[in-house]
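There are 4 protein chains.
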Amino acid sequence: MKDVQNEKDIRNIPLKHVGIKGLRWPIELLDKEKGSQHTVARVTLAVDLPHDLRGTHMSRFVECMKSFGPISLAGLENLLDQLKEHLDAEKAFMKMEFPYFLQKAAPVTGNVAPMDIDCIYTAEKDTDFKLTVQAEIPIQTLCPCSKEISSYGAHNQRAFAKITIEAKEMVWLEELAAMADKAASSPVYGLLKRPDEKYVTEHAYDNPRFVEDAVRELSILLDEDERISWFRAEVESVESIHNHNAFAVVEKGEAYADEN
Amino acid sequence: MKDVQNEKDIRNIPLKHVGIKGLRWPIELLDKEKGSQHTVARVTLAVDLPHDLRGTHMSRFVECMKSFGPISLAGLENLLDQLKEHLDAEKAFMKMEFPYFLQKAAPVTGNVAPMDIDCIYTAEKDTDFKLTVQAEIPIQTLCPCSKEISSYGAHNQRAFAKITIEAKEMVWLEELAAMADKAASSPVYGLLKRPDEKYVTEHAYDNPRFVEDAVRELSILLDEDERISWFRAEVESVESIHNHNAFAVVEKGEAYADEN
Amino acid sequence: MKDVQNEKDIRNIPLKHVGIKGLRWPIELLDKEKGSQHTVARVTLAVDLPHDLRGTHMSRFVECMKSFGPISLAGLENLLDQLKEHLDAEKAFMKMEFPYFLQKAAPVTGNVAPMDIDCIYTAEKDTDFKLTVQAEIPIQTLCPCSKEISSYGAHNQRAFAKITIEAKEMVWLEELAAMADKAASSPVYGLLKRPDEKYVTEHAYDNPRFVEDAVRELSILLDEDERISWFRAEVESVESIHNHNAFAVVEKGEAYADEN
Amino acid sequence: MKDVQNEKDIRNIPLKHVGIKGLRWPIELLDKEKGSQHTVARVTLAVDLPHDLRGTHMSRFVECMKSFGPISLAGLENLLDQLKEHLDAEKAFMKMEFPYFLQKAAPVTGNVAPMDIDCIYTAEKDTDFKLTVQAEIPIQTLCPCSKEISSYGAHNQRAFAKITIEAKEMVWLEELAAMADKAASSPVYGLLKRPDEKYVTEHAYDNPRFVEDAVRELSILLDEDERISWFRAEVESVESIHNHNAFAVVEKGEAYADEN
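Chains as they are written, first to last, in numbering that gives the first Met the number 0: chain A, 0 to 259; chain B, 0 to 259; chain C, 0 to 259; chain D, 0 to 259.
Keep in mind that the hints were calculated from the coordinates and are not lab data. Errors might be hidden in some of the hints.
Identical copies go unnamed one by one, so any copy, or any two together, can satisfy a pair.
[Stated by the list, open to error] Within a straight-line C-alpha distance of at most 16 angstroms, the following computed EDC-like cross-link-like pairs (lysine to aspartate or glutamate) qualify:
(1) K1 with D87
(2) K129 with D87
(3) K251 with D47
(4) K161 with D205
(5) K161 with D117
(6) K192 with E147
(7) K192 with D2
(8) K83 with D47
(9) K103 with E62
Could you put together the complete structure from these sequences and hints?
Printed below as a string of C-alpha cells:
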C-alpha cells in the first residue's frame, strides 16, 4: 500500500507539532504514601515534522503509549525517546492531564479520605529533557476586607491554587498540595466530622487571605524550595458574594522557552 | 435527485425524536425591565418519526429557526407548529439553553450591574403546547451547623438554586430569581462596594441556611404561586470546606409525562 | 456539640433527595476480559429526608463510600443499604459517571488498544433495588443521502450511541458496545494500521446509515435481548458538513418512575 | 470604613496579574456585513500589583466594564487605559471569549444561515497596546491516505482550524474564517440543501487534506497577509475512525512576550 504520509512536501513549511490529542488512557502513578495509584489521563502526544515531509504516522503514537508502564520521571523521558525514534523526529512532546488523589486526614478527628486534585505533566525532549508539573489544589479563602468591615462573619469560599513548576529533582504532588494548604485561609478536606468543622471554620476566620495574600504566601514557599527552578502560582476564588471569580498570579524565574 | 430520507422503512420502529442538537444561535428575549435582551442559545429541535418512514429532512429545522423572531411564549408555540408542518410530523420538540442577564442593584449603594443566570426553555407540542422553564440562579448559603458549633465565623459559599417549573401563564425569569434570592442566606451580585459587602456578610451570617433549608424556603414560595402547576427545586452548594458539593431537591405536583 | 441537622422541621416539606454531588473517587470495576479495571468516577449519593427533620449528615455519605470495595451489582445494592442504615432513611440513591476502557482489536491486523466509553450507573433502593446502566459508545456513521446523490465519496463522521437500559441480570458494558458497533456504519478503534484503515473506510461506505437507521438497528438488538426490560437508545452524529449535530431517539417499554 | 486592600505589603512580591475571571457579559461587536452583532462573552480583567501594596479593588473592574460600549479596537485600548487609571496600575490585561456568528451562504443554492465560531480577544497595555485575536473555525478534513488506499470512499470528519494572530491593522474574523475554509477539504455550513450536500461531498473528496496539509495551506495564506506580524495555526480533526483527535501546529514570526 502506498505510504502517502511519506511523500515529499514542497511547501517548505516545518511543523512545530503534529500528533494526537484527547486520547483517554488508564495510567498508574507513583504515589508518595501508598507506592502507586491508578487514575485516568487525557493525553497529547506530538513530534515536530521537517519542512520536506508530508505527514506523520499517527498510529505509532498509540503504539508507543501501549508499551508505556507505570509513570515515573525516567518513564516519561523514555516515552519521549521512543516517540523520537519510532516517528523519526528531532523533538517529541507530551501532555498528560489527570486527577490525582491525596489521602487527607481531618484536622481534629484524623479521619482519612481521598481528595482529588487536577494535575498536568508537560514534557518535551530534543536533546534536553524538560518537564513542567502543574497541580490545581482546592483550598478555602476567607476575605480580610469582609472580616474587617463587618460586625460579625466574613465571606469565604472554595478557591483553587494552581501551581506550575519546573524542577530538576522530583517534587511530589503531595508536597505542592501541602504548600497550597499552608498558603490558604484553610485547607479543604474529603471528610470532616463536627469537631473538624469547628476547627476549620475558626482556623479560616483566624487566617483571612485575599487571593493576593494566598498567592504571595505560596510564592514564598515555592521560592524557598531549591529543587524548583521556575514557578507560576495562581489562586482563584469562587467568590461567594459574586457570580464571577477573583484571581492573582505570581511568576518567578526564567521559564523554558514556550513548549506549547 | 433521489430523496433517500423519504424511503419506506420496514423495520417498523417509530422514533421518539429525530432532529438537530448543539445548534448555536443568537436570540432576542423579552426582558421584564428593558423590553428585550440579546443572548446566545444552544438549541435542540426535533420531531417524531412514524414507523414506516426512513428519515427526516434535517435542513428544514434550520430553515424554521431562520424564520423565528424575538422569543415569546406565542413565538415558541408558533415555532413548534412550523416544525410540525414543514417536517410533516405529529409532534415537535425544542430545547433552548442560554445565559440571561438580570440587572441587579447592590443592597446599600444601589449600584446596578448585570448578573448572569443559566436558563433552559423546553417545549413540546402534539395537540397541546407544553412548556417547562428552568433557571439556575447563583446564591450564597451559610452553614447553620458551622455557625452554631464555632466560637466565631461560619463557612459559606456560592451555591446554585435550580428551579424548573410548568406554568400556564407567563412567569418571568426575574421572578424566579427573586424567589431564589429570598430562599438564600444572601443573594449574590455583579457589583458590590464596601458598604454593600458589609451588608451581605452580616445578612448571610444572620440567615444561616443548609441546602435543605434553602430548598424548603424555595418550595414554599413556588407553592404559593398559583400560576405554577408543577415545580422541581434544587439547591447545590459549592462547599468551601470540601472539594465536593452538597445538594437537596424538592418536587411538587404532577409533571407532564417525560418529554426528553 | 449541638446537632443542628437533627432539629425538628416544622415547614412540613419532605425532600426527595439530599446528599452530595461531584465527589470524585477512584473505583475498581469488574471487567469482562481482564477480571477488573481501575478508573475514576464522579459520584452522587443521596437519601430522602422526612418532612419533620431539618437536615441530613453529609459526612456519612463519604464514610459509606470509603467502605465500598470493587464495584459489582451486589456491591451497589449493599452501598445503598448502608446509606439507608447510616443516614436513617427510607430511600437511597446513587449515580456514578466514569470512563470505561474496552480492549478493542483492529479489524484486519488484530492490533489491540484500549478505547474509552463514558458510562453511568444510576441506582435506587427503597424496598426494591433498581439499576439503570448507560454507555455512550463512539461509532462512525456514513450518510446514505450523501452517498446516493454524489458521484463519489460520502460524508461521514464520529457519532455516539448512547444506550440506557434496565435489566434484572448482568449485561456487560462490552455487550452494549458490541451492539453499538453492529448498528454503526463502522466501529471506531484505538489503533489502526493501513490495512485496517482501508477496511474501515470501505466497510463504512458499504454500510451507509442515517442516525435514524443506526438507532433503529440498535433498537432491534436491544429488543431481542431478554435480560433487558427497558431501554432508550440515542445516536448523535458530529456532522462533518455542519457545526451542529444530528440525532435520533428510540424508547421501548415501561421505565421505572423518574429517579432523578 | 477601613481600606484593607490599601495596606502596605512587606512580603516584597510584585504580582503579575490580579483581577477577575469568569465574568459573563453581553457584548456588541462590529460585524463586517451587518454593521454589528450581539453576543455573550466570558471576560477576564486584570492589572499588575506593585510589591508594596496588599490588594487591588475588585469592584472597579466591573465598574470599568459597565462603561464599555460596542467593541472596537479603539474601544479595547480605551478599556485598558481606564483599568490602568481606575486601579492605579502600570499594566492592564483583558481576555474576552465569545461565539461569533458568520452569515454563510450554501455553495450551490446560496441559502444563508448563521454559523458560529469561537473567538478570543486578548489585549494588554503598559505603554504599548498589544492585541491577539483567535478564531476557531469548524471545517471538514478528508483523509488522503484513506482515499488513496481504499477502493472507494474516504474517511472524513469535522475539524477545527484555530488561528491566532497579532496584527497592527484590523483583520476581520470573517477574513480568518475565509482562510480556514480555503485550507480545508471543504468548508462546513449552517444550512445545506441536497444540491449543496452533493457539492460539498464531491468537493471534499477532490481535496483530501491531512491536518498537516490543512495547517500548511493555512500557514501560506496567513504568511501572505502583510497586516499579520505573527501567527500560530492549528488544525485538529475529530477523527471519524478513532475516539481521539489528530492535530498539527505551525508557528511563524516573533510573538509578543508571554501575556498570560
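Right, here's what the structure says about each hint:
1. K1 with D87: neither (19 angstroms within a copy, 49 angstroms between copies)
2. K129 with D87: The answer is neither: 20 angstroms in one copy and 38 angstroms across copies each exceed 16 angstroms.
3. K251 with D47: Close across copies (14 angstroms), not inside one copy (29 angstroms); limit 16 angstroms.
4. K161 with D205: neither (23 angstroms within a copy, 33 angstroms between copies)
5. K161 with D117: Result: close within a single copy only, 9 angstroms intra versus 25 angstroms inter.
6. K192 with E147: between (29 angstroms within a copy, 14 angstroms between copies)
7. K192 with D2: between (63 angstroms within a copy, 11 angstroms between copies)
8. K83 with D47: Only inside one copy: K83 and D47 sit 9 angstroms apart there, 41 angstroms across copies, limit 16 angstroms.
9. K103 with E62: between (37 angstroms within a copy, 14 angstroms between copies)
Going through the hint list in order, the structure does not satisfy hints 1, 2 and 4.
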